[in-house]
Amino acid sequence: MTDTTAPAKKSGGIRDLGKMFGGGGAGLRQFGILGALVLIILIFEVLTGGKTLDPGNVINIVRANAYVLILAIGMVMVIVAGHIDLSVGSVAAFSNIVTVTMLKSIDSAWQVSGESAEVTKGVLMSLIAIGIALVIGALVGAWQGFWVAYVGVPAFIVTLAGMLIFRGANQFVGRSTPQTVPDYLGYIGGGYIPDFPPYFPFSNGTVLLGILAAVLVVWSELRTRRRQREMGAVMAPRWVSILKVVLLVLVVAFATYLFATGRPGTSFPIPGIILVLLVLLYSFITNNTVTGRHIYSVGGNWHAAELSGVNIRRTNFLVMMNMSVLAALAGVVYVSRSLGTGPSDGTGWELDAIAAVFIGGAAVSGGIGTVIGSIIGGLVIAVLNNGLQLMSVSSDKVQIIKGLVLLVAVALDVLSKRNGGLSLIGRFRRPGGDLAVTDRPDVSPASDSAEASSRPQSTVPNP
Amino acid sequence: MVSAVPAILEMRGITKRFPGVIALDTVDLRVNAGEIHAICGENGAGKSTLMKVLSGVYPFGSYEGDIVYNGEVVQFDGIKQSEAAGIVIIHQELALIPELSITENIFLGNEPRKGRNGKGSIDWKAAHLRAVELLARVGLSDDPDTKIKSIGVGKQQLVEIAKALNKNVKLLILDEPTAALNEGDSQHLLDLLRGLKGRGITSIMISHKLNEIEAISDSITIIRDGHTIETLDVAADGVDEDRIIRGMVGRNLENRFPGHDGSSIGEVFFEIRDWTVRHPLVADRLVAKQSNFTVRRGEVVGFAGLMGAGRTELAMSIFGQSYGTKVGGRVYMDGEEIQIRNVQDAIKHGIAYVSEDRKALGLNLLDDIKTSVVSAKLSKISSKRLGSINPYKEHAIADEYRQSLRIKTPTVDEGVGKLSGGNQQKVVLAKWMFTDPRLLILDEPTRGIDVGAKTEIYQIIRKLAENGAGVILISSELPELLGVADRIYTIFEGQITDELPADHANPETLMKSMTSNRKKDVA
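Going line by line, the protein sequences match chains L and P. For the first sequence, the numbering used here gives the first residue as 1, with consecutive numbering after it. For the second sequence, the numbering used here gives the first residue as 464, with consecutive numbering after it.
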């Protein structure tokens, strides 16, 4: 279901398969992370004696981690733009407490009787809750975006302050006491796709969704090929397309099987649906829109972006604001599943989200990273957590292992760059090759040191 | 040159290669003990490379030839070793730390220690006393506890020299020491160099300011295109500025420029009046002073000036005020005044700016070719409603430019970071051609690229002009300006000093207007 957003421009064997997971030259990298995820799943499947890929466990993993993955979507955009957001946990907590407080006052003012009226009220109230959370997220995000984009305070500081401010605001509003929320809110974070008659040993709703996803996969590949033919673009050989579709359909079928055959009453979880929709939306934004391009260009080289007419402030503002909106949404999903909110909601969320993004292949210096990669990175952590818990590893050891995985993942990335990756391009050019050296090196003899004086970013301090 | 004075330094047959380029080709340099020796040459002639070889920045083994210092062949592996031998280089970007005090900077990496074996904690008392003494020697009376950031550039330069004196310098190398200084500070610095000479310290000075060189140096070595051209004895040879200029530019103009007869030139469509811009950090420094110029349709207008003269600053300040603070001035397009507040405005009005520094300011090196080509005008390939980019159009457009500009790459999906300089420059040109510019400002468009690609870029420039665009060509290479431009302005210290039709100009006249502020009436 990921390839509907991937522009399959130039195709060819493995490269083309790499492109299924988002463009931006990061295809192969994400292929590696995906491989790591599959490997980890298989290892735990063996170690736990088949408990990892048990339908009930898979459903549980999605339900328990949806909120982190939602955060990772926003966080990867922040990190690609060259920033960081440490405040997401506090923002979610603040948004939660305000949402719940407002929801409760609406709830007590709106009395209904009758079962169908109750259901209607539940649905409406859930939507209202999401609406309130999104508005609060937008307001908080505008606040943080203002400081980052228009005042120029580093995001690290702005969000460190935000972490304190909104944690405190949460405890101020909620008087530091845990609160329960009305049961009907539970559907957003804890619900499943409903089943309907005739009843089989599997969930009809999930199977239907699976079929829909498979059809989408086939349709989007056909559409891509048709457009490529119309535009005269280079097309992948037919066998590559067919292989790609078959593989994806198999994945969809396997996922459908897992989610449809859980305990009776369970199926594909609602937070999973929210997540999939967000992934599709944000993959589209980051890969295929002007705004997305601007985010990558600001993170990659903001000087060049500015001189290309990119509105850097607006881009930074939007990225920071969007993160808080998604944090608030993640908060609703979390509250809805736990049916309570309190002064310690969202503690440590920022770290999980940031770890997911970096394991997912984003660069610390900005400019590189994808939504899909970050989701895979988040799933690596989720499966790791889950598998270790299934093996009854105590939480102290789980933390140590998670820390090491993050360290090793990024270290591998750094090392691969050092050995002729992006950062050292130009040093290993072969003379006489296709991209023959016709260039002077960075330490060009043409660059007299005197030219520094004509550079805009002079380091000569003000006398 | 036969001299009775012993040489402190002889560099013999120094050859330094970079991949694809020979930066220095059997360069010889002989510096007599106790003299001030100037090294002259155009930008890119190899002066700084030679000094980097000397100071060990390029370690022994990375170059060919011998360095004989005080009668011995030396092999430096790094700056530490050359400094230990008494050779200290002061770069134009000063290596001072703004937040530390003068004392702390002077002794950075060389701190006096307490204790018998010199391994104890830092002896600040001794450092302070020594700093006062050193500052007195360079004629500074400032408190050595003053932070570097709170003294001016001129004084910072002196602190650098004090730092060198502390290292027991015997051979002091100064790279463009006065480029950032005003008249008074420059004079003080030159006087100080004379004083050091009196104490037996030899200096090598790289400078573009010929009047200073003439005034202070004992001998001059001229380097051109990585070769030693000549060494002049100032007193004996009766050297003056004209003589130096002849040595610097006296190369044959090869026939590598596309012909042009001026037939494409139309009426004036772009005009700048009284353009004045302040330096972004130094409040009292103007980088453009009351500049006026015009550009005609189909015309290539050259801007000649030395590094730091203010050409880039002028261009960038016009291009959406992306440099400095505009103090005054107006822009006219087609006879009407237009407002350009930011880069978006500039692009909307059809102005494009190709930066001199394509890696830092022109490209996002993480991008691939197609993404770069369309990046300055995404609106041309995206839907109005969603802003979604059409990947097929993007690919097709980039591929068109790949073919028409002959960008050497298998596909436009390649990363721009992998391309050679010439091909990167073509990508930047494509990026700005894609914005359909009416006025294209090219800032050193051929810097750091090989001769073949240069010729191709000249042809692209001519073609743009023939299709009706106005082109501003900023270049440090005079032959390039003379060969490509129709008309040339010269700039010196932020001021437009002259305006000449290219066929009436020659390197000597240009160099004169580029190195002095004898302001002529600008037509």
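Take the hints with a grain of salt, since some may be wrong.
[To be verified] Rough simulated footprint, nothing fancy, chain P against chain L, three-plus residues with beta-carbon under 8 Å:
1) 231 to 239
2) 289 to 299
[Said to hold, decoys possible] Quick look at which bits of chain P chain L covers, simulated, 3 or more residues with Cβ under 8 Å:
3) 698 to 712
4) 835 to 846
[Stated by the list, open to error] With the Cβ distance kept under 7 Å, some of the chain P side facing chain L (calculated, not the full set):
5) Gln-784
6) Thr-788
7) Gly-850
8) Tyr-855
Hints were generated in silico from the structure; no laboratory data involved. Positions of the beta carbon are idealized from the N, C-alpha and C atoms, including for glycine.
Hints, verified against the model:
Check on the region 231 to 239 of chain L: 3 of its residues sit with their Cβ under 8 Å from a Cβ of chain P, so the three-residue criterion for coverage holds. With 6 residues carrying a beta carbon less than 8 Å from a beta carbon of chain P, the region 289 to 299 of chain L meets the three-residue requirement, and the given coverage holds. By the rule of at least three residues with a Cβ nearer than 8 Å to a Cβ of chain L, the coverage given for the region 698 to 712 of chain P is violated, with 0 such residues. With 6 residues bearing a CB less than 8 Å from a CB of chain L, the region 835 to 846 of chain P meets the requirement of three and the coverage assertion stands.
Annotation: Gln-784/P was flagged as interfacial toward chain L, and the flag is violated, the nearest CB pair being 11 Å apart, outside 7 Å. For Thr-788/P, the interface hint is violated, the least distance from its beta-carbon to any beta-carbon of chain L being 12 Å, above 7 Å. Satisfaction of the interface hint for Gly-850/P is found here, the shortest Cβ-Cβ separation to chain L being roughly 4 Å, below the 7 Å cut-off. The beta carbon of Tyr-855/P is positioned within 7 Å of a beta carbon in chain L (closest approach about 4 Å), and the interface hint is therefore held.
Checked against the numbered hints given earlier, this structure breaks hints 3, 5 and 6; the rest are met.
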